[in-house]
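Listed below, chain by chain, are the residues.
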Amino acid sequence: MSTELTMTLEVFRYHPETDHEPRFQAYEVPYDEDWVVLDALNWIKDHVDGSLTHRWSCRMGVCGSCGMMVNGDPKLTCAVFLKDYYPRPIKVEPLVNFPVERDLVVSLDGFMDKLEAVKPYIIRDDVNDTSGGEYLQSPAELAQYKQYSMCINCMLCYAACPVAGHEDEFLGPAALALGHRYNKDSRDQGQAERLDVMLVGEAIWGCTFVGECTVVCPKHVDPAGAIQQAKAVGAQEFFKRFVAPKGAGV
Amino acid sequence: MAHGTTHEHDVIIIGGGGAGLRASIAIAEENPDFSVACVSKVYPMRSHTVTAEGGAAAKIKPNDSLEDHIYDTISGADWLADQDAVEYFVNEAPSEMIQLEHWGCPWSREPDGSVAVRPFGGMKIERTWFAADKTGFHMLHSLFQTTLKYGNIVRYDEHFATRLLIDGNGRCRGCAAIELRTGSVRAILGKAVIICTGGAGRVFPFTTNGSIKTGDGMAMAYRAGVALKDMEFIQYHPTGLPGTGILITEASRGEGGILVNKDGYRYLQDYELGEALDVSDPRHPQKRAMELGPRDRLSQCFIKEKWAGRTIETKDGHVVHLDLRHLGEAKIDKKIPFVRELSRNYAGIDPVYKPIPVRPVVHYVMGGIDVDSNSATSVPGLYAAGECACVSINGANRLGSNSLTELLVFGAQAGRHAARFAMDNPDYDVSELEAQAEDEGARIRRAWFDTSRRNGERIVTLRTELHDAMENGAGIYRNADSLQSACETVADLRARYRSVTLDDHTNSFNTELTAALELGSLIDVAEAMAHSAIERTESRGSHQRLDHTERNDDDFLAHSMAYHRPDGSPPRIEYKPVTITKWPPGARTYGAGSGLKGEDR
Amino acid sequence: MSGQFHRPHAWAWFLERPGYVRFMVRELTSFFVAGYLIVLLVTLGRLGGGEAAFAEWLSALSGPGWMLAHVVALIAAVWHSITWFAAVPQAMPVYLGEKKLPAPLAAVVMGYGPWLTVTAGIVWWVLR
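Protein chains in written order, with numbering that gives the first Met the number 0: chain A, 0 to 249; chain B, 0 to 600; chain C, 0 to 127.
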């Protein structure tokens, strides 16, 4: 490093084999105004402490691996710059509302189950056949769901959601937005199946519209909006089913 | 490494990117009673397919033809592609792309609701399907989400495969893999195996590739005795952001963006790439010309401009300017919004108002695991697909937007052939494979957890030296001296690799250990690249030798085949003829009127 | 292995982010709205109880305590309405072809516009 400027990273450390409680470890890192927080973590791992553990890959904000709490805010560490904090120290922690595997690595188990639960794939009655060409979908029909298809599964929204932290049954912002994405896709016919999952217990109704998921979303997915829309559809469906139970031809 | 449990399935897929997921679905859908294991060192949606931007090529529009797509691909490959494979690829591409559309990929659309296509480099006509400029992201997520439909796809997320398990009859029957969460080495067994682990751009320092692209699958096959084919062919994408190497998609030029040097001059017109039409000319951007020339040529032009002193010097090296301003804000936001987001965030430039500084950046490995036109390797039961494989449709230079389609076409094909092999060869001896996996766990422990070994070199020291050696020795232009020096450095690093020491000797989520194993893969792959390159004394496509500047079809219309030597000495390089069917080697021309086939020219 | 670490939940979680505080304030305003509704119901009940009862109730309401309560309830109701109108574009997006109606415009079209229209109508009816 040509520069002598440094700054401090206070990093959350926890090792499942030896620790019962997490601790914070401070590292001095070179200050480079082009560096993102992830660059500093990689520098520590390469040069100072190979045991520091974090996930990362694309370092361009699309693979969704490197979400962490940066000074208390859920952020993609490849997208926040040291210069935004310099010269104050930066506190780096694993995403909240998830169990910590080690250091900055959290468990995705619950999240993956929730994603799968909403049946995030096209459901249709007809036979899958490519010989007839593509299903037509107008740009206006595409626009109906496009925004909700932009989720990179970085899970920042779960870290920002107080309900996700307190209510296990709640499917959470990303999974619900994904379910809504398929419900709004003109090629899909699976809304009823998805609502079977989403309308149970706190699955969707757990959302109290705090709205912080949308605030922290790095891809402008607006999960809060998607959930409210899905709730409106769900409420209609709920009453329909109340009036004429399933199988009665609603 | 603790010995973990044994898991049995019908087919094992290593890698959860586009090719691995497509293969998983192909098997799961057509063989409902089969159990498919998808083993990946990251969660599938983190796979590097996610970063692909511009699009995926397939003939869909009535004004296009399969023949043209074939010719563009073969000429783009500088005739090093196997033409039977290219024909299969192009013929299968449309139905595979429609299939992905049926699975929910949010393709951008024409007003009539049909999928929209855009022009791409080296293509005679617009045939690149796109989902704005996040095509790879949408393809990967559509595929991943579709796999969730199949109960017979079992994912092994965050399992790092380290070794192929080969039975006494020489058939590949699974892999040993470290479960990252616990650090135990599992034996994941099946009747056939497909490697879909992607490329190895991380051999180089300046690359669009994410940190996971370390050539692990290529190295695993190489060590198991399979040849790495055409490894000297490494694609530099002409437009990466300086400093970070983040990709600015070719779609920005497909939509009409232009490249200019420090004088604001469209320098490509000086390099036999056609005439510089005014950006307001309705014929701009012209296909197979200027900014829509092939990537190898454009990256080479950059170097020549740099040698001529006409590039712009910055603290992150020399750059030229990619100017999109004439496209206007509305078009940029609609067609290439991610370009704007990336430029603003990582270069501090808003392309609506200012040109983007760009320079060539390592992007793709044309070479890979040698497979035949059925995606089968020389080891029975072992298949490969995607960037890690070399079929070869990409030859000496891949055309932009062929690789995403390749994931689908050959992922599905490899899946079907592997399933057939599994049906025909169901029996294997579990205990001998378990013993191999156990042995692998012990080997890793011996190599990396020996606490008596202290103060060895750090991973980063070797990795940095490898990067420098490959960039300086095996970059866009090479010669015997530069390559010789790269070969020597790689050999030296191979020797020193054994004495690298780790800070971390614990089991759970030991990413320092995986980084060390990845460094081992990088060294293997770099060795194959450097030695294949030094042996090829001609210039073709992306392999440009300053000491052998012409293409030499008499001696080198052939695939290089690098074979690993277990004793650590340099690889054996052999050659295998290119399959030529209907398109005899011709001059590779770009510019007005180019792209005419054979006798028409 | 001692296993995964689960972070304890803070009792005062609603103070952790400014957005949570705003959320709590919004939720609390509904108590005032609900409280005012009760007052309104009681008022209706008194109206049914005859002229004297109603007059007595009205005079009680004109005391300073009740006036203050009304002002607070009004502020709370206005704030609650504003947060609702801000949420309208998210919960009920309006598409014109490919384009989504921009949020501020959608809030006016679907929130403030009808609100002001109805309010003006009521004012006109009362004052006419």
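Calculated from the structure, these hints are not laboratory results.
Any given hint could turn out to be false.
To be verified - With a straight-line Cα cutoff of 30 Å, these simulated DSBU-like cross-link-like pairs (lysine-lysine) come out:
#1 Lys261(B) to Lys148(B)
#2 Lys353(B) to Lys305(B)
#3 Lys123(B) to Lys99(C)
#4 Lys333(B) to Lys145(A)
#5 Lys303(B) to Lys314(B)
#6 Lys314(B) to Lys99(C)
#7 Lys90(A) to Lys99(C)
#8 Lys218(A) to Lys330(B)
#9 Lys99(C) to Lys303(B)
#10 Lys82(A) to Lys239(A)
#11 Lys303(B) to Lys218(A)
#12 Lys303(B) to Lys230(A)
#13 Lys99(C) to Lys261(B)
#14 Lys353(B) to Lys239(A)
#15 Lys314(B) to Lys261(B)
Verification of the supplied hints:
1. Restraint check for Lys261(B) and Lys148(B): the C-alpha separation of about 53 Å exceeds 30 Å, so the hint is violated.
2. For the suggested pair Lys353(B) and Lys305(B), the alpha carbons sit about 21 Å apart, so the restraint of at most 30 Å is met.
3. Straight-line distance between C-alpha atoms of Lys123(B) and Lys99(C) comes to about 36 Å, which puts the hinted pair past the 30 Å bound.
4. Under the criterion of a C-alpha separation no larger than 30 Å, the hint pairing Lys333(B) with Lys145(A) is consistent with the structure, at around 12 Å.
5. For the hint linking Lys303(B) to Lys314(B), the alpha-carbon distance of about 20 Å falls within 30 Å, and the restraint holds.
6. Pair hint Lys314(B) plus Lys99(C) does not hold up; C-alpha atoms about 42 Å apart against a cutoff of 30 Å.
7. At most 30 Å may separate the alpha-carbon atoms for a hinted pair to count; Lys90(A) and Lys99(C) exceed this at roughly 38 Å.
8. For a cut-off of 30 Å, the pair hint linking Lys218(A) to Lys330(B) stands: about 20 Å separates their Cα positions.
9. With a C-alpha separation of about 47 Å, the suggested pairing of Lys99(C) with Lys303(B) is violated against the 30 Å cut-off.
10. Proposed proximity of Lys82(A) and Lys239(A) is contradicted: the alpha carbons are some 55 Å apart, above 30 Å.
11. The straight-line distance between the Cα atoms of Lys303(B) and Lys218(A) is roughly 39 Å, outside the 30 Å bound, and the hint therefore fails.
12. Distance check on the hinted pair: Lys303(B) and Lys230(A) sit about 60 Å apart at the alpha-carbon level, beyond 30 Å; violated.
13. Annotation: proposed proximity of Lys99(C) to Lys261(B) is violated, straight-line Cα distance about 41 Å (limit 30 Å).
14. For a cut-off of 30 Å, the pair hint linking Lys353(B) to Lys239(A) is broken: about 55 Å separates their Cα positions.
15. Using a Cα cut-off of 30 Å, the hinted pair Lys314(B) and Lys261(B) holds, with the two alpha carbons roughly 15 Å apart.
In the structure shown, a violation is registered for the earlier hints numbered 1, 3, 6, 7, 9, 10, 11, 12, 13 and 14, in ascending order.
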